[in-house]
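Residues per chain are reported as follows:
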Amino acid sequence: MFWINLVKGFIQILHSNITPGEIAFGVSIGLIVGLTPLSLILKLLFYIFLLIFNINRAATFLSIIIFSIIGHFIDPLSDKLGYLLLVKLEFLTPFWTTLYNTPLIPYTRFNNTLVLGSFVVSIIFFIPVYISTKKLVILYRTNIAKKVENTKIMKLFKLSAIYSIYDRYRPK
Amino acid sequence: MKIIRWKNFILITSFTLLVLIFSIFFLDNLLKNTIISLGQSIFGAKVEIEALKTKFSDSSITITGLQIADKTDVWKNLVQIDKIEFNMQTLPLLSKKLIIDKFNIENIRWSTRRKNSGALPPKKIKKKETKSATDKLFNSFKTKIGQELQDLPVVEKAKDIGQEIKSIDTKNIVAAANFESIKTIDLLSKDSEQKYNNFKTTFDSLNLDQSIHNIQKTIDDVKNIQITKPEDLKLAQDKLTELNRCKEQLELNIVKVSIIQKEINTELSEKSKQISQIDDLIKKDYENIISQIKIPGISKGNFARAIFGPVWLNRVDKVLNYLQLARKYMPARKKTSNKSAFPRLKGTDVVFHKHEVLPGLLIKSIFISGTTGGEGKTEQSPLSLAGAITDISSDQHFTGRPTKLNITGKKSKKSYILDAVFDHTSDTPVDSITLTLNNFGIGEFAIIRNEYIPEITEGTLNMETRFILRGDELDCSMIMNLNAIKFNSTNKTDELGKILNEVFKTINNINVKAKMYGKFDNLKTELDSNLDDMITQRIQSIYNKKINELKLQIKEEVNKKTDEAKDKLLKEFTNRKDELTKLCSDKISVLQEQRNNIDKKIEEIKREIDKIQQQGKSKLEEIKKSTEEEIKQKVAPSLEKLFKK
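Chains as they are written, first to last, in the numbering used here: chain A, 1 to 172; chain C, 1 to 645.
Please keep in mind that the hints were generated in silico from the structure rather than gathered at the bench.
A hint or two may mislead.
Said to hold, decoys possible - Now the in silico label distances, taken between C-beta atoms and shown as ranges:
(1) C:139 - A:21: 50 to 58 Å
(2) A:44 - C:56: 17 to 25 Å
(3) C:367 - A:123: 46 to 54 Å
(4) A:42 - C:367: 35 to 43 Å
(5) C:60 - A:44: 22 to 30 Å
(6) A:39 - C:457: 52 to 60 Å
(7) C:5 - A:42: 19 to 27 Å
(8) A:42 - C:24: 17 to 25 Å
(9) C:56 - A:144: 55 to 63 Å
Just so you know, even glycine gets a beta-carbon here, dropped at the ideal spot from N, CA and C.
Only chain C is shown next, with the shape it has when bound in the complex (with noise of 0.2 Å):
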């Protein structure tokens, strides 16, 4: 039997041959093929290569006019490269490891307009991997990056508090208000109806009238009496003794009346102080009102969380990308490990290390060129941006250093600082990537997109971003300035819209830090900017505007509410007052006045009694004398001869 078939041996061999020699001639076309394929693997976008070449006396490769397209926006380019040229050394692909020495990219650029879509039909998005430790981490960290994205705050939730300011009855509500100062009003109006009433029953008692009456009489009978003689001093003195009563009676009832006035005025100073009270009922009770409305609040930080949220939690979820690549094709493994897993769609793909042996991926250097500029880009001056990647490695034991990214470019005040640094050489693997940017133009950069927010015309960007990825714990943090900004207004005409409008116009700087860190099922994100003071201080001085007129119609209706009861209550209680203060001054005065009657006519009647008294002391002194006289003539003589004998 026939073990081999020469003719079929002789035929396959030749039919080999011209196989070879074909796949030479056209090695070139199955490389670019094979290479789109493998780029549009690995990043699930279309990848163009306009031409390949493939030297065999040096094991180069030359690809020109390279675009990996924007899975996230398929009308822009992820990266365009001009020229990439590397050269690889040969014996190692026997081995199937990629060993390359010198690599160089000439002007790259990102986010490059397209001329095409550079989305991938559905056949060919090839499912992702997703079964690795590495895959699962980044998995859970874009999971939890979009449910961020998914809880933003929508600035448009505050347009609804001018809406809900608006909303607001007034009217309806001071009518279904409680009012305290209008049932104290009618309590106080109550009372000082019937104290009043009690005062002019006690005055009514003292019967004041009358004894007027009656004293007058009195004083009226004695301007009659006539003392000439002393036959008059008796009636006069019985007359002093009623005039002394009815000042008696006087004195009491001035006593009296003094006591009532007294008592009206303890009163009416009481009643004073409890009217004097009632503003601040009416105060108390519009504060009530005015504590039972929801006025809505304007929180800080919406607004900045809102706008630079999404920017911010997109350029996470980017870098994240990367460094997901990273990991993938230079995965961390413990320097005394023998061998590493690496699960795949079908399977498990085991790599063996060995001391000292080519890893299966080396690329001693890159040297890269490129720019800021670009197809579809606004930058009026582009930077030239130069540098190098050394060390990539997908087994960093093997070179026993990291992987380093450097790429900076410079114009007077204008940089481009790009640091990244892979380090893979210890059990715990640590990826960082820093970009600093002085002095970029901000038209550059498609920072803000919010309906809201007005185009920037004018302004310049330094900002400083840090990602950190050590394990699976990530820190980043981003710190921007926005400086000697101008904006377009929007077309917006609604309230909210007016009112950013004018604080945008007021805006010349904006500054935002932003912080993202922790484990992937503790991930915590912080975001503040100066933005949100302004914005808010502004919204908040002209909600303030709103929401102190609503106030005052509050006001308005709680005073017309009360004021008429008030009124009411002041005018009878001053009236009241007028009255009992006036009937007590002019009873006093009236008494007062017939006690100074009485005792004008006391000391007249007195005067008279005296003088009646006087003349006849003098009558009597003379009749003494006279007396004297006659008994002195009539006993001198016979003294006389007395004292002759």
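Looking at chain A on its own, in the form it has when it is part of the complex (with noise of 0.2 Å):
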């Protein structure tokens, strides 16, 4: 049920009046989010950005569904990089010493090998993410989107409940 509705979102976002640039925003910020395990504040704090920031929340939220999934596979390569940044690469030190004791940061929890090395990941992808994620939902509403629109299952997502609720809030 959960990838049905992962899946009916995906395609309702494709199909809709957004702008690929916002899609492609709100992929690569859920990108962010998905792949780093952030602590609970900064959950809020996200979310607050979120709503005041014009970013698609849609696209956002499934984005950080699908990253979250595939974090979990890729974080011992990221708990890696985190070891390597922190503690292999004696360069470094004298930087993450002063981020270390100054105020707020340290509530980043970024001195965690996972974290950073997750949120390094995270925005080293998130250009390519971005671009490729723009030129896919182009490619797609161009070439696709009318044959998929024409589908059974277009149909029934429409029908659904879901669709309809969607629907209110899309924007127009």
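Assembling the complex is the task here: the two chains are given apart, and the hints tell you how they should meet.
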């Protein structure tokens, strides 16, 4: 059921009027939040950020779900990267030391190898994900959207209560 | 395109403000829950707080009614504190640093009874981090202690000794045994019979009766001889010769019989010696049987280890928990290192050190007051305690001083001294805890918990325990003296229980020395107590009695089997000895009598012969004289005429 809803949500976004840039930005933000194990306060702050700034929430949340799943598989790699950055690369130690002793920064838990490693991975892939998502959305809308629109599945989605709720709240 | 959703911004800002105001009002509850959650994750048991109050003016927090349950005994509190008060420096909190200048703990007590169970529901028991070197070290120690606990002897094994002794079937054992003594008795009996027959044959071959008869006849013949005249002399001489010949024969027989008698005596003496050795053989047979029976031994050391071992090991385990906490939250590091890595459940936390920058945790001093009494404790005169902990720091290189703890209490002769030093200022961390108790009531301590040890109703305890963890090497010891002890008897009705009840009635003091030392992979434990000697000696004396009874039974069985044969041999030997001895002595006496008679007769005849010879001589003299006179008378006138001419 979860996967069905996920696919449904994804298709709904693609068939909406949201600009590809917005979708891509939402997915990229979702990449950062999904991959990085944030503390509760940071998650709350992020949610506030999401509400304040004009970022596509649906795309972001879908992206968070997808990248959280992917994050479980790349955690060992992220951990190693974090360890490399925090422990092995000595030239970065003064920078980290300053950051560690700066007010509020320690609450981000940047000094945890998994958190930093995952964050750095998400930053590295931020722009590529943005660009590729944008291109994919444009490609989809240009070539595939109409075909999918006429499929029975899409019609079913449209009929479903969830689609109606989505339809009520989607930006026009 | 709008970048900011101003409607949402205003809504969220207002909402955030409301939340902040709400948090300020409900900060106390939030903090309380946070502390409870943190405490439960550290101690693995329920943490309860009656009330928590924060004060922004001096950044202070006051906690009242703190109870931390003991995960090893969920109906008791590990610690119960009436009031905790401390104030933090506010600015360092922004950098996630907890700096506390003053910290007061009022009325701390431990092992108090709880009204409800302190166990956490399984969901709340968080998975313990085990990745760090410290966690691995302490888990290794605990595994080793767990193994030691499993290997402790069971007191109940001692009661099997009585059963083992009872199960020994002496009759069957003796019946199946190989008796060298009986074999020897058979051999001796046969040999003595053979020798007896030989002696009898030899005796018979001497034909002494015949010889005696012949000699007697000769003597009788000689008796009838009359020597009155010289004509009888020849006969007398003949008889004399015959008598001398008989005497010679007699002497020869006497010699022969004497030789036989000597041989008999030699043989008898040898046999007596052999017979006297039968008792030694019977003794050897008995000892062989005893050696083949597995009479259970009572070894020293089992009781003290069984009784005090769990108490000692559990205390070591508890202290190791505290040491583990100390090492976890005040980790040691090299002075020159600029960072430290701490593996967590997810990832690794890296702490960056900066010279003269505040550490993550710093509590300058904690003032403590408390008591050794508390709910659920039977202590009659609890002791008031006071002390302080100084320089608690997550980085001791900042303070340059080890964390020290000192808590003391004294009331007349009773005293309590707890000293601890957690020195992580050097490369090798050294943690030491020393606890000295004097004149405490024994009832205040759950020292002895064993179904075979009676309840101690009175007594005083003096104890000194020392725990030192130097790097990964543990060295801990305990010296405990229990004095003026009085016990209640146990309900045990089995043999061991009764014996132990008897033993404990006579015990006035118990000394225990325990040690545990070494690295986790080579941990050694030693435990010694005078209780072992006392119990072992007493049990030994009781079981020795039983063992001696058993041995007596075996001896009786052995004697039963050997006495008959031995008596028979002795009887036969005595009878034969008497018979042969009598035979020899009778014969000798008869022969000697005969010899005496012969001697007498010979003397008689000789006398008679001498008499006749004397008579003859006198007659001759007379004849000679008379002849001389005749000649004189005849010759004298002629001679006279001759000389007159």
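Results for each hint:
no. : hint                      : in the structure
1   : C:139 - A:21: 50 to 58 Å  : holds, 53 Å
2   : A:44 - C:56: 17 to 25 Å   : holds, 22 Å
3   : C:367 - A:123: 46 to 54 Å : holds, 49 Å
4   : A:42 - C:367: 35 to 43 Å  : holds, 37 Å
5   : C:60 - A:44: 22 to 30 Å   : holds, 27 Å
6   : A:39 - C:457: 52 to 60 Å  : holds, 57 Å
7   : C:5 - A:42: 19 to 27 Å    : holds, 21 Å
8   : A:42 - C:24: 17 to 25 Å   : holds, 21 Å
9   : C:56 - A:144: 55 to 63 Å  : holds, 60 Å
Checked against the numbered hints listed earlier, the structure breaks none of them; every hint is satisfied.
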